[in-house]
Amino acid sequence: MSNTEKVIAVPIERRQQIHFSFHWLQKLVKQTAVIILLLLIWETVPRIGLVDAAFFPAFSDVVKSWWAMLVSGELFAHFTASIVRSLTGFILALLIAIPLGLLIGWYPLAKDLLNPILEIFRNTAALALLPVFMLLLGIGETSKIAIVLFACTWPVLLNTIAAVRNVDPLLIKSARSMNISSFKLFIKVILPASVPTIFTGIRMAGTGAILVLIAAEMVGAKEGLGYLITYSQYNFQIPEMYAGIITIALLGLLINQGLSVLERKFSKWKQPVQ
Amino acid sequence: MTDKIRFEHVTKIFKVRDTEQGKRALKEFTAVKDLNFSVKDGEFLTLVGPSGCGKSTLLDLLSGLTKPTSGRILLDGKEITGPGLDRGIVFQQYALFPWKTALGNIEFGLEAKGISKKERIELTRYYLSLVGLEGFEDRYPHELSGGMKQRVAIARSLAFNPDVLLMDEPFAALDAQTRETLQSELLRIWEKTKKTIIFITHGIDEAVYLGQRVAVMSTKPGSIKHMIDIPLDSRLNELDIRSHPEFVKARHQIWNLLHGNIYQAASI
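Just so you know, the sequences run in chain order A and B. Going by the numbering used here, the first sequence wraps up at 290, each residue one higher than the last. Going by the numbering used here, the second sequence wraps up at 395, each residue one higher than the last.
Simulated from the structure, these hints should not be mistaken for lab results. Fair warning: there could be bad hints in the mix.
As the list claims (entries may be wrong) - Where chain B lies over chain A, by a calculated footprint (3+ residues, C-beta under 8 Å):
#1 208-217
#2 223-231
As the list claims (entries may be wrong) - EDC-like, lysine to aspartate or glutamate: derived pairs with alpha carbons at most 16 Å apart:
#3 A:K286 x B:E270
#4 B:K321 x B:D213
#5 B:K167 x B:D187
#6 B:K227 x A:E90
#7 A:K238 x A:E157
#8 A:K204 x B:D130
#9 B:K321 x B:D290
#10 B:K167 x B:E318
#11 B:K352 x B:E155
#12 A:K189 x B:D187
#13 A:K200 x B:E270
#14 B:K194 x B:D290
#15 A:K238 x A:E90
#16 B:K321 x B:E135
#17 B:K245 x B:E264
#18 A:K284 x B:D265
#19 B:K227 x B:D168
#20 B:K319 x B:E170
#21 B:K347 x B:E155
#22 B:K321 x B:D168
#23 B:K205 x B:D130
#24 B:K376 x B:D356
#25 A:K286 x B:D265
#26 A:K284 x B:E270
To be verified - Residues of chain B placed beyond 10 Å of chain A at every Cβ, according to the derived structure:
#27 Q148
#28 D161
#29 L212
#30 I355
Since the model is a prediction, treat every value here as computed from it, not as a measurement. For each residue, glycine too, the CB sits at the ideal point set by N, CA and C.
With the hints as extra help, turn the sequences into a complete structure.
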């Protein structure tokens, strides 16, 4: 048969593994060079007195108090509190926003009815509603989970709606021509085609979840990373405060990486962008 | 041979926005007008015409995705009322599901038909080899070249065993070399499967090369101006069929028809 056509070879396994040692090391150096440089600056600037070490302690001091808090279990307690709140709110948001978004995207009537209210809520900054949530739900877990839920809902909902509406009409036409029912069309075409766009919303929600939660914990809480930061600041435990900030950065990184892995798993059919 | 498909006074009118009359005004646009023709069982008919002549409307009508405003289309003597697996469509832009492998894409129609998993796999493998893609079962569409994608799309449409294959400029997006290869592949598949094929194109050469008959369409409103028989037997045995006198003659005749020079065409 046709030998004239070119065959696109796609590597099934990554060949780099064969001579990994050198490349791996090179990659690591490239990826960490700037971070290491920044940490070195952080270490030296307070030590040579360019900034007040009381307000901006050297990196090693921060690491020391971070380690002390880790060993004492204090950090873990705050970390757990934060991650439980953000994950609960985040997962509840997904459970509500994805089905609702599919519904709104698929049924024109649902869209007409709900669109105005969506426009209002999506443009309301979640943090502006924080006082309302606290007044109604108290300063306990409920208000924090609720505000995370609120903040996460919009990006997921709006992306899900957009995803359903923007499915390539040709794919729908192609499936329809094979005489499949509307239900099957939805399950077999609309849903899988929407996954990548829905995931964009999920990742935005992941970032939002942390941001809103920390702010809520700073305003009123008895534990959590946001609380740790404000509490340390009030008590002038500056290294502890920085330790809290670093932990938040790590938490954000963790959530983002986790979502990336999930995204890759669900949209492995997408053309890799290089 | 009996009539497989019959068009009886088929007219399709769309409501389109009339910008001259204001934003909300609608006007009627006749996409195709009074189509009357029939296609025989196992025939390869090509439709050629300028853009906007209603080629794609005609195909949508045949696939059952839209209904004619007046007139009717008969398939085996029964009126077409909606889409069905007795007709398979191949689109210019392949329309493969990007989240499914070649295998999964071909299975799609078979699943809709309610065929068991085991049989589906067997059929899929058979049709993949028919289009010359054995061993490519697990490739995703983005891992295939344009020509290969169209082969998968053809296999998908053949796999659920429709009587009629509708092809909407399937090779228009391919490079010349791949197009020629796929044209002769399609003829080979047609001879092997004995399907009735309706093939839309804007290429005169392609229309003459593939079709036993060529329907020449004209625009405003879209209608079939002429039906031209191509008196070539087997295109696959001839080495350079495109230089055959009959081929050249038919090509020239259609060219004249499309360029509005009817007198010259008649004098050939």
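Going down the list of hints, with the structure as the test:
1. Requiring three or more residues with a Cβ within less than 8 Å of a Cβ of chain B, the coverage given for the stretch 208-217 of chain A holds, as 3 such residues are present.
2. As drawn, the stretch 223-231 of chain A meets chain B at 0 residues by the rule of a beta-carbon pair under 8 Å; below three, the given contact is violated.
3. For the hint pairing K286 (chain A) with E270 (chain B), the CA-to-CA distance comes to about 10 Å; that is within 16 Å, so the pair holds.
4. Pair hint K321 (chain B) plus D213 (chain B) holds up; C-alpha atoms about 14 Å apart against a cutoff of 16 Å.
5. Note on K167 (chain B) and D187 (chain B): the hinted pairing is violated, with a Cα-Cα distance of about 19 Å set against a maximum of 16 Å.
6. Using a Cα cut-off of 16 Å, the hinted pair K227 (chain B) and E90 (chain A) is violated, with the two alpha carbons roughly 48 Å apart.
7. At roughly 10 Å between alpha-carbon atoms, K238 (chain A) and E157 (chain A) fall within 16 Å of each other, so this suggested pair holds.
8. Note on K204 (chain A) and D130 (chain B): the hinted pairing is violated, with a Cα-Cα distance of about 36 Å set against a maximum of 16 Å.
9. For the hint pairing K321 (chain B) with D290 (chain B), the CA-to-CA distance comes to about 9 Å; that is within 16 Å, so the pair holds.
10. Annotation: proposed proximity of K167 (chain B) to E318 (chain B) holds, straight-line Cα distance about 15 Å (limit 16 Å).
11. At most 16 Å may separate the alpha-carbon atoms for a hinted pair to count; K352 (chain B) and E155 (chain B) exceed this at roughly 22 Å.
12. Distance restraint check for K189 (chain A) and D187 (chain B): the Cα-Cα separation of roughly 10 Å lies within the 16 Å cut-off, and the hinted pair is therefore satisfied.
13. Restraint check for K200 (chain A) and E270 (chain B): not satisfied, since their Cα atoms lie roughly 26 Å apart, outside the 16 Å limit.
14. Between the alpha carbons of K194 (chain B) and D290 (chain B) the distance comes to roughly 20 Å, so the proposed pair goes past 16 Å and is violated.
15. A threshold of 16 Å between alpha carbons decides the hint, and for K238 (chain A) with E90 (chain A) the separation of about 13 Å falls inside it, so the pair holds.
16. Among the hinted pairs, K321 (chain B) with E135 (chain B) is inconsistent with the structure: their alpha-carbon atoms are about 25 Å apart, more than 16 Å.
17. Taken as a hint, the K245 (chain B) and E264 (chain B) pair is honoured in the structure, with Cα atoms around 15 Å apart against an allowance of 16 Å.
18. Taking the CA atoms of K284 (chain A) and D265 (chain B), the gap is near 13 Å; set against the 16 Å cutoff, the hint holds.
19. Proposed proximity of K227 (chain B) and D168 (chain B) is contradicted: the alpha carbons are some 33 Å apart, above 16 Å.
20. Of the supplied pair hints, the one linking K319 (chain B) and E170 (chain B) holds, its CA atoms being roughly 13 Å apart against a limit of 16 Å.
21. A threshold of 16 Å between alpha carbons decides the hint, and for K347 (chain B) with E155 (chain B) the separation of about 12 Å falls inside it, so the pair holds.
22. Taking the CA atoms of K321 (chain B) and D168 (chain B), the gap is about 9 Å. The hint holds against a cut of 16 Å.
23. Pair hint K205 (chain B) plus D130 (chain B) holds up; C-alpha atoms about 11 Å apart against a cutoff of 16 Å.
24. Distance check on the hinted pair: K376 (chain B) and D356 (chain B) sit about 11 Å apart at the alpha-carbon level, within 16 Å; holds.
25. Proximity of K286 (chain A) to D265 (chain B) is assessed by CA-CA distance (about 14 Å); at most 16 Å being required, the pair is judged to hold.
26. Proximity of K284 (chain A) to E270 (chain B) is assessed by CA-CA distance (about 12 Å); at most 16 Å being required, the pair is judged to hold.
27. The non-interface label for Q148 (chain B) is consistent with chain A: the shortest C-beta to C-beta separation is roughly 26 Å, beyond 10 Å.
28. Taking the minimum C-beta to C-beta distance to chain A, about 25 Å, the non-interface status of D161 (chain B) holds against the 10 Å cut.
29. For L212 (chain B), the shortest C-beta to C-beta distance to chain A comes to about 6 Å, within the 10 Å cut-off, and the non-interface label is violated.
30. The Cβ of I355 (chain B) lies farther than 10 Å from every Cβ of chain A, with a closest approach of about 28 Å, so its non-interface assignment holds.
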